[in-house]
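With these hints in hand, go ahead and build the complete structure from the sequences.
Listed here are the chains, written in short residue letters.
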Amino acid sequence: MELHIKEISVGELLSEAKAYSEGGRHPLTAMFGRDERSAGGGFAVYAVFEFPESRELRGLKAAVGESMSFPSLSHLIPAASWFEREIQDMFGLKAENHPDPRPLVLHENFPQGVHPLRKDAPKEIEFIEGKHTHMHTVSGEGTFQVPVGPIHAGIIEPGHFRFSQAGESMLQLDAKLFYTHRGLEKTMEGKTALEVLPIVERICGACTAANTWSYCQAVETAAGTAVPRRAEILRTLVLEIERITNHVGDLGNIPAGVGFSFAVSIGTRAKEMMMRLQDSLTGNRFLRGFFVPGGTARDFTAEDCARAAEVLREVEKNVLDLARIFAQQDGFQDRVRTTGIVRNKTARDLAMVGVGARASGYAHDSRADFGYGVYPELALKVVTENSGDVAARILVRIGELKESFRLAFALMEMLGREQGGHRTELGTPQGEAAGLSESARGSSFCYVAFDNEGRLDRIFVRSASYANWPALPIAVQGDIIPDFPLINKSFELCYACLDR
Amino acid sequence: MLKLLERLLKDKVATEAITFKEGEAMPYLPDGTVVTADIIKSRLGRSLHVRHLDAGSCNACDFEMGALSNPYYDLHRYGIHFDASPRHADLLMVTGVVTRNLAEALKRSYEAMPEPRLVMACGDCAINGGVYGESYAIVGPAEKVVPVDIYVPGCPPRPNVMMAGLIAAADMLAERL
Ligand code: SF4
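So the sequence lines, in the order shown, correspond to chains H and W.
Numbering follows my numbering, in which position 18 of the first sequence is assigned residue number 18; successive positions increment by one, without gaps.
Numbering follows my numbering, in which position 148 of the second sequence is assigned residue number 148; successive positions increment by one, without gaps.
Calculated directly from the structure, the hints in this document are not laboratory data.
One thing to keep in mind: the hints can contain errors.
[To be verified] Using 16 Å as the maximum straight-line C-alpha spacing, the simulated EDC-like pairs for lysine to aspartate or glutamate come out as follows:
| no. | chain 1 | residue 1 | chain 2 | residue 2 |
| --- | --- | --- | --- | --- |
| 1 | W | LYS107 | H | ASP120 |
| 2 | H | LYS123 | W | GLU143 |
| 3 | H | LYS131 | W | GLU104 |
| 4 | H | LYS186 | H | ASP120 |
| 5 | H | LYS94 | H | GLU66 |
| 6 | H | LYS317 | H | GLU403 |
| 7 | H | LYS402 | H | GLU385 |
| 8 | H | LYS186 | H | GLU124 |
| 9 | H | LYS186 | W | GLU134 |
| 10 | W | LYS144 | W | GLU111 |
| 11 | H | LYS191 | W | GLU134 |
[What the hints assert, rightly or not] Now the stretches of chain W that chain H is said to cover, found in silico as 3 or more residues with beta-carbon under 8 Å:
| no. | stretch |
| --- | --- |
| 12 | 56-69 |
| 13 | 93-102 |
| 14 | 124-133 |
| 15 | 136-150 |
| 16 | 153-161 |
For each residue, glycine too, the CB sits at the ideal point set by N, CA and C.
In structure tokens, the structure reads:
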């Protein structure tokens, strides 16, 4: 995907961002930093916005001067907040007037003044002990705190949650994340587009297809490589299969938040059917190895499609069963309705994506907005709900599952009609480009910049979970703490995708 | 309250390995068989309580671990259970490469476990860093922080392979009891 960059000075950032955003009409996709000192430049801050009306991604690139700072956009565009904190951590560029300038990615064990994404950052970094990160809490008579994590009771990823309580009510939640930060963006620098592919696929297990497709789009644009049509159909199909797998998994996981084990059994069984299908189609239960820059590693035969159709029909039955069970269980409905509400305005202010946005009446969907792959030919229906609660997020998933089954069958039919290859040679990538694709959680954005030898100089991955995490603390406010697992599961955000 | 919490955190693990005094009266069965340490071992041979610890994974290892409880694999039938706390666990199942931000959580979880305790390095990342290799944010494979008793390779290991590792760990535990 083309990324139209406008170079500006840091003094212009605020007014230019305001003009680009148009009061949120063009959501902020991402902000990230870059160190171009070795190429004779300096530090820069990027802010990328979506222009769905022209299917464009437009970016501002603000050159940061001697001041080593830039004006924070967070007051104007709340979605900027975490990106700016990350830029502060990784590059040591200060976001002036940031409302919450605490470190985000780097924990208290990191020494001050070390910024790992600077090109001259030291390899060995001292381990600081005995320091604590400040957590936001509420104080006052009768209030108390509940600390949870980083290690949780179930088999889930690590994060620390600090609840400020008044009795059972959650007054405030502050989350400390990035425990699984592996420094992957830095690890990928200096490597070629193909060398880093196994790492891109392993940023996250649940969003392998989406993250890898975004990356492939970016690399192919940078290399000027056009992908064969058969590959576009295959990619679109596999992305929908990944969505079905995740949504079905979520339908089996959300009821675990209220101890509804019957539904859990149905959901987890259906998810296993999908995992096995993914394995038989791509050779990997997590679809790894399927997307490659230039196309796909494999093709699907007519027999593959027949097998897939059989499994999908079976899984569809399970989904319809679950939908009925959910609707009929008053006890379940009682728990999910009006629980964990995100208002439409909040969803827009935070530039939320995916199920989280669509359940709050915000029809953000990169498949419809940007029409990559063969989506423009599929008359995609974007499913939305308006109540913004757990119930809405369940209903959106059920609606999207129905749509994804339809798309999968249509795509398999298309495959039957389409001859031709599924892979071409990748050219040498140059300059910068971006990619977008819609994971089960929402749009996954990838930015790449290559040096003159075709090696990665910078890669930034903003998964859907990155965009939606800041909404969770807002969604829980005023609900009771036993509802937290349920609300959390209804977003089903990846930590690995966020932390990188 | 805070003092109490602080003390609890610093306290040594109270749970002990089961031992008997010489000549101590032991339980017996209707046919007169005296329950010896050997019998306990054989009966407990298939009991394993597992605490999962994501030390910096991509979550695929963890999803597969979760899949072990689905109706296809139903791990419980082998007497293997996942626990909410390391204090009740026999085995620490470590996934992912150990990150800077999780090294302490891994160490403290291990220290909180009662003896005898086992550690599994589950997946290539936990075994040797996998595709992640080394970086400023990575401490290293699991054994750089805690002693490892069993390695389960794969990226991620298939559920069946994980299950084989868990059953083997249950047997190792019985030997150490
Ligand atoms: S071994 Fe593979 S699947 Fe497991 S955490 Fe590492 S990258 Fe993910």
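Against the structure, the hints:
A threshold of 16 Å between alpha carbons decides the hint, and for LYS107 of chain W with ASP120 of chain H the separation of about 31 Å lies outside it, so the pair is violated. Straight-line distance between C-alpha atoms of LYS123 of chain H and GLU143 of chain W comes to about 22 Å, which puts the hinted pair past the 16 Å bound. Distance hint between LYS131 of chain H and GLU104 of chain W is fulfilled; the C-alpha atoms sit about 13 Å from each other, no more than 16 Å. As the CA atoms of LYS186 of chain H and ASP120 of chain H are separated by approximately 12 Å, the hinted pair is consistent with the 16 Å bound.
Proximity of LYS94 of chain H to GLU66 of chain H is assessed by CA-CA distance (about 12 Å); at most 16 Å being required, the pair is judged to hold. The hinted pair formed by LYS317 of chain H and GLU403 of chain H meets the criterion: a straight-line CA distance of about 14 Å does not exceed 16 Å. At roughly 15 Å between alpha-carbon atoms, LYS402 of chain H and GLU385 of chain H fall within 16 Å of each other, so this suggested pair holds. Distance restraint check for LYS186 of chain H and GLU124 of chain H: the Cα-Cα separation of roughly 14 Å lies within the 16 Å cut-off, and the hinted pair is therefore satisfied.
Restraint check: the Cα-Cα separation between LYS186 of chain H and GLU134 of chain W comes to about 10 Å, which is no more than 16 Å; the hinted pair holds. Restraint check: the Cα-Cα separation between LYS144 of chain W and GLU111 of chain W comes to about 15 Å, which is no more than 16 Å; the hinted pair holds. The straight-line distance between the Cα atoms of LYS191 of chain H and GLU134 of chain W is roughly 14 Å, inside the 16 Å bound, and the hint therefore holds. A stretch counts as covered by a chain when three or more of its residues have a beta carbon under 8 Å from one of that chain; for the stretch 56-69 of chain W and chain H the count is 13, and the coverage holds.
Look at the stretch 93-102 of chain W against chain H: 6 of its residues bring a Cβ nearer than 8 Å to a Cβ of that chain, three or more, so the hint holds. Check result for the stretch 124-133 of chain W against chain H: holds, 4 residues qualifying (beta carbon to beta carbon below 8 Å, three or more required). Evaluation of the coverage hint for the stretch 136-150 of chain W: fulfilled, as 3 residues show C-beta separations to chain H shorter than 8 Å, against a requirement of three. Proximity of the stretch 153-161 of chain W to chain H, defined as three or more residues with a beta carbon under 8 Å from a beta carbon of that chain, is established by the 3 residues found.
Hints 1, 2 from the earlier list are contradicted by this structure; the remaining hints agree with it.
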